[in-house]
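Engineer: Single-letter residue listing:
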Amino acid sequence: MEEREKTKNNTEMRILGFLCNWCSYGGADTAGVSRLKQPTDLRIIRIPCTGRMDPLFAFKALISGADGVLVSGCHPKDCHYSVGNLYARRRFEVLKDFLPFLGIESDRFHYTWVSASEGQRWQEVVTEFSRRIHELGRNPGFDMNTNLVNSEAR
Amino acid sequence: MRIGVFVCQCGTNIASTVDTERVAQEVKKLPDVVYTTTYMYTCSEPGQQEIQRAIEEHNLQGVVVAACSPRMHEPTFRRAVEKAGLNRYMFEMANIREHVSWVSNDREANTKKAIELVRMAVAKLRFNQPLFPSRVAINKRVMVIGGGVAGIQAALDCADAGLDVVLVERRTSIGGKMAQLDKTFPTIDCSSCILGPKMVDVAQKENITLHAYSEIESVSGYVGNFAVRVRKKATYVDWKACTGCGVCMEKCPSRKVPDEFNEGLSFTRAINIPFPQAIPKKATINRSYCIYFTKGKCGICAKVCPAKAIRYDMTDEVVTEEVGAIIVATGYDLFDPSAYGEYGAGQYRDVITGIQYERILSASGPFGGHIKRPSDGREPKDVVFIACVGSRDASVGRPYCSGVCCMYIAKQAILTKDHIPNSRSYVFYMDIRSPAKNYDEFVRRAQEEYGVQYIRGRVGKIYPRGDRLVVQGMDTLLGIQVEVEADLVVLATGIEASRGARELAEKLHISYDQYGFFMENHPKLRPVETNTAGIYLAGVCQGPKDIPASVAQGSAAAAKVLALFARDTIETSPQVASVTERACIACGKCIEVCPYGAIRWKELKGGVRKAEVITTVCQGCGLCNATCPPKAIQLQHATDNQILAEIEELCA
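Residue numbers (this note's numbering), protein chains in the order written: chain A, 1 to 154; chain B, 1 to 652.
Treat the hints as calculated values from the structure; they're not laboratory data.
Some clues are possibly wrong.
Below, computed lysine-lysine pairings styled on DSSO-like, alpha-carbon distance capped at 27 Å [as the list claims (entries may be wrong)]:
#: 1; chain 1: A; residue 1: Lys60; chain 2: B; residue 2: Lys631
#: 2; chain 1: B; residue 1: Lys589; chain 2: A; residue 2: Lys77
#: 3; chain 1: A; residue 1: Lys77; chain 2: B; residue 2: Lys233
#: 4; chain 1: B; residue 1: Lys177; chain 2: B; residue 2: Lys29
#: 5; chain 1: B; residue 1: Lys205; chain 2: B; residue 2: Lys232
#: 6; chain 1: B; residue 1: Lys303; chain 2: B; residue 2: Lys233
#: 7; chain 1: B; residue 1: Lys605; chain 2: B; residue 2: Lys631
#: 8; chain 1: B; residue 1: Lys198; chain 2: A; residue 2: Lys96
#: 9; chain 1: B; residue 1: Lys29; chain 2: A; residue 2: Lys60
#: 10; chain 1: B; residue 1: Lys232; chain 2: A; residue 2: Lys77
#: 11; chain 1: A; residue 1: Lys96; chain 2: B; residue 2: Lys29
#: 12; chain 1: B; residue 1: Lys589; chain 2: A; residue 2: Lys60
Interface residues of chain A toward chain B, partial, derived using beta-carbon atoms under 8 Å [what the hints assert, rightly or not]:
#: 13; residue: Leu16
#: 14; residue: Asp29
#: 15; residue: Thr40
#: 16; residue: Pro48
#: 17; residue: Lys60
#: 18; residue: Gly65
#: 19; residue: His80
#: 20; residue: Val83
#: 21; residue: Arg89
#: 22; residue: Phe98
#: 23; residue: Pro100
#: 24; residue: Phe101
#: 25; residue: Ser115
#: 26; residue: Gly137
#: 27; residue: Pro140
The C-beta atom is built at its ideal place from N, Cα and C for all residues, glycine as well.
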């Protein structure tokens with residue numbers, strides 16, 4: 001908790017990344033190996049495939065106070081498991097539409113595709129998404145007492 | 001759980017921008033963490049021994065190493081903890097190098113980030129369970145895709161070791177680009193004389209099955225047990241009957257078929273054997289030029305064929321080959337120089353590509369090995385070579401070096417002088433790259449012994465003057481404009497990924513880079529392995545390289561296959577899905593989404609059905625886990641509880 005307070009003062013945002021093991025996690029590694037400088041807000045969780053990405057994970061993060069959730073996987077047609085990212089894409093589209101019903105801006109969630117060789121692209125993705133979240137500011141979080149349906153959803 | 005955390009300094013790679021001591025102190029405060037330490041190089045032998053010592057001394061039940069990427073050293077540390085008696089899955093890594101110390105210089109932010117990543121790893125570890133691999137039998141056959149020199153080498157090495165090999169080649173003959181070359185640098189070996197015997201070996205080995213004129217249709221399965229569907233394209237000639245006598249080719253009336261093997265410099269027939277040393281030496285009908293197919297009547301080849309091998313009604317055939325490993329050696333294509341309008345390729349007939357010049361130099365080429373201009377057949381006196389045509393030029397999307405052009409230009413310039421002693425050769429170059437054994441000496445020989453003039457600078461324009469070509473360029477060393485009147489201009493076109501490389505990668509589920517070259521598992525330490533177990537790379541499909549390197553990779557890939565096949569069974573990862581039967585509502589969604597058919601119904605008493613995972617088939621993607629409504633199916637080692645624990649640790 002103490003740690004969290006400090007974060008707020010430093011204006012670092014709480015951003016969670018879910019990266020598939022085969023493409024994007026490798027892409028983030030490639031960016032690191034190439035020393036491509038990035039904002040420090042992001043914390044990466046390795047998942048086997050974006051197909052493993054339960055929308056629940058994004059919900060859980062965003063209603064617990066994460067300011068942004070970034071998911072990245074293999075490019076369509078290049079999924080290590082053939083089709084995982086295609087299922088993921090459908091879920092994420094629905095998720096984006098659904099977030100405003102919880103009072104969460106859909107811009108706080110972003111998904112994209114980065115291959116293991118695209119270190120530079122990963123740098124751009126992280127930089128751009130971090131910038132976006134800084135612009136949106138703190139996620140007020142989910143409050144049972146507020147009206148669930150906000151203006152954006154209507 | 002008693003957890004130990006080891007924070008690696010990685011020399012200064014991590015320690016210079018992360019306060020590793022503070023990370024160790026901070027995470028010591030976490031519940032369950034009973035031991036923390038920092039270490040200079042945790043992956044070193046003493047570093048691993050330190051982990052093992054701590055496991056014994058502090059009776060640790062789980063270990064977190066905060067160091068480099070798990071894609072790098074997770075297997076190393078898993079082995080280390082296993083040696084100390086822990087299950088290898090009671091281990092987690094926090095990536096504080098690639099994802100922290102190397103991407104930011106902000107020591108304070110990095111340290112905090114590292115602490116949080118370790119906290120997340122610890123949170124996940126609390127939910128880890130010991131897991132145990134199972135074993136499946138290996139099908140000890142290997143498929144090699146691509147019959148160039150790399151694929152040939154891989155196929156022969158595997159066959160020599162006694163494996164059954166299936167070699168698949170897209171063209172009608174194996175040999176690849178090397179078969180088209182006249183001589184090879186830096187020894188001026190005759191290319192077909194050193195490749196030819198290897199090609200014959202392929203044909204004669206009883207344990208090599210060759211599918212020429214064939215392409216990969218689809219790939220299923222996994223390491224040890226792949227099933228590959230191969231489309232054998234219709235040749236309209238029964239290759240079992242065809243003797244390769246060539247009578248059909250002689251008599252074929254369709255004589256204006258651009259000869260692909262000679263790079264369009266000559267014509268062949270609608271029914272043809274691509275070149276004299278072709279393996280298999282069998283005829284194929286080119287449908288788009290065959291009079292029988294285009295006009296509906298002719299049939300001369302069928303009449304003259306002594307073996308009665310012509311089959312106009314032949315159709316493509318799809319065969320399924322079951323193999324345990326696949327070597328991909330699909331080679332490359334050459335850059336299309338028409339992207340450089342100023343060079344006039346395609347516009348002036350005497351502006352040719354390097355591979356076309358190889359055919360001109362070759363005794364089996366369009367002019368029988370005499371150097372002649374394609375336009376008028378005159379012997380050239382002044383020959384200009386232009387380097388880096390589609391290499392090291394971001395403006396045409398090819399910023400990389402093709403690696404072989406400097407050398408083949410030197411070779412071609414030397415051969416030009418050998419063929420025409422009173423000729424003069426000029427080379428426009430950016431830099432000369434000749435780093436391998438005897439390479440630089442070779443380029444020097446071209447300059448000093450053969451008097452080839454090297455001009456450092458790019459060519460700005462080529463235009464005709466009379467029947468000659470004027471090459472205008474810059475000599476950047478002298479700082480002057482230069483103009484050379486040439487009879488022949490050779491463009492050293494660069495290497496690019498083979499056409500269809502991306503589609504093949506998608507079928508194989510391997511990665512490729514932005515240029516279409518296939519990705520190796522590690523650029524230095526695992527150069528022939530892909531990210532997909534059981535699939536290996538050889539030759540230029542992985543990136544530009546010359547013949548010696550391609551051959552070396554072919555052998556290296558074969559060695560990897562032999563190592564894989566040295567055992568009869570293969571360990572399968574226990575990171576697979578698992579069903580809690582009492583929670584399963586038998587909706588069947590997991591069965592529907594599984595890309596591998598790894599989930600089936602299990603019939604229980606009283607007509608009750610439950611989902612059941614075939615653990616040896618499951619590849620551990622977790623799609624079923626995300627799909628299952630009651631979360632009855634969980635991917636081991638990446639369960640909902642484990643991932644949620646990481647999220648909660650960070651966000652709570």
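Engineer: The structure should be examined with respect to each hint, and the outcome stated for every one.
Structural biologist: Going down the list of hints, with the structure as the test:
1. The suggested pairing of Lys60(A) with Lys631(B) holds, with an alpha-carbon distance near 16 Å, which does not exceed 27 Å.
2. With a C-alpha separation of about 22 Å, the suggested pairing of Lys589(B) with Lys77(A) holds against the 27 Å cut-off.
3. Only pairs whose Cα atoms come within 27 Å are accepted, and Lys77(A) paired with Lys233(B) is accepted, the gap being roughly 25 Å.
4. Under the criterion of a C-alpha separation no larger than 27 Å, the hint pairing Lys177(B) with Lys29(B) is inconsistent with the structure, at around 63 Å.
5. Taken as a hint, the Lys205(B) and Lys232(B) pair is honoured in the structure, with Cα atoms around 21 Å apart against an allowance of 27 Å.
6. Annotation: proposed proximity of Lys303(B) to Lys233(B) holds, straight-line Cα distance about 23 Å (limit 27 Å).
7. Simply put, Lys605(B) and Lys631(B) have alpha-carbon atoms about 23 Å apart, close enough for the 27 Å limit, and the pair holds.
8. Proposed proximity of Lys198(B) and Lys96(A) is contradicted: the alpha carbons are some 58 Å apart, above 27 Å.
9. Restraint check: the Cα-Cα separation between Lys29(B) and Lys60(A) comes to about 26 Å, which is no more than 27 Å; the hinted pair holds.
10. Our distance criterion of 27 Å between C-alpha atoms is met by Lys232(B) and Lys77(A), whose separation comes to about 24 Å.
11. Proximity of Lys96(A) to Lys29(B) is assessed by CA-CA distance (about 38 Å); at most 27 Å being required, the pair is judged violated.
12. Note on Lys589(B) and Lys60(A): the hinted pairing holds, with a Cα-Cα distance of about 23 Å set against a maximum of 27 Å.
13. For Leu16(A), the shortest C-beta to C-beta distance to chain B is roughly 7 Å, which falls under 8 Å, so the interface hint holds.
14. Taking 8 Å as the C-beta cut-off, the interface hint given for Asp29(A) holds, the closest approach to chain B being about 4 Å.
15. Among the interface hints, the one on Thr40(A) holds; its C-beta lies about 4 Å from the nearest C-beta in chain B, closer than the 8 Å criterion.
16. For the restraint placing Pro48(A) at the interface with chain B, the shortest Cβ-Cβ distance is roughly 5 Å, inside the 8 Å limit, so the hint holds.
17. Look at Lys60(A): its Cβ gets to within about 5 Å of chain B, closer than 8 Å, so that hint holds up.
18. This hint holds: Gly65(A) has a C-beta 5 Å from the nearest C-beta of chain B, less than the 8 Å allowed.
19. Annotation: interface hint on His80(A) holds; nearest CB of chain B at approximately 5 Å, less than 8 Å.
20. Hint status for Val83(A) relative to chain B: holds, with the closest Cβ pair at about 5 Å, below 8 Å.
21. Because the smallest distance between the Cβ of Arg89(A) and any Cβ of chain B comes to about 13 Å, over 8 Å, the interface hint for this residue is violated.
22. The criterion of a C-beta within 8 Å of any C-beta in chain B is not met by Phe98(A), whose closest approach is roughly 16 Å, and the hint is violated.
23. Restraint check, Pro100(A) versus chain B: the minimum CB separation of about 20 Å is more than 8 Å; hint violated.
24. The beta carbon of Phe101(A) comes no nearer than 20 Å to any beta carbon in chain B, farther than 8 Å, and the hint placing it at the interface is violated.
25. The restraint placing Ser115(A) at the interface with chain B holds, with a minimum CB-CB distance near 6 Å, inside the 8 Å limit.
26. About 17 Å separates the beta-carbon of Gly137(A) from the nearest beta-carbon of chain B, more than 8 Å, and the hint is not met.
27. For Pro140(A), the shortest C-beta to C-beta distance to chain B is roughly 14 Å, which exceeds 8 Å, and the interface hint is violated.
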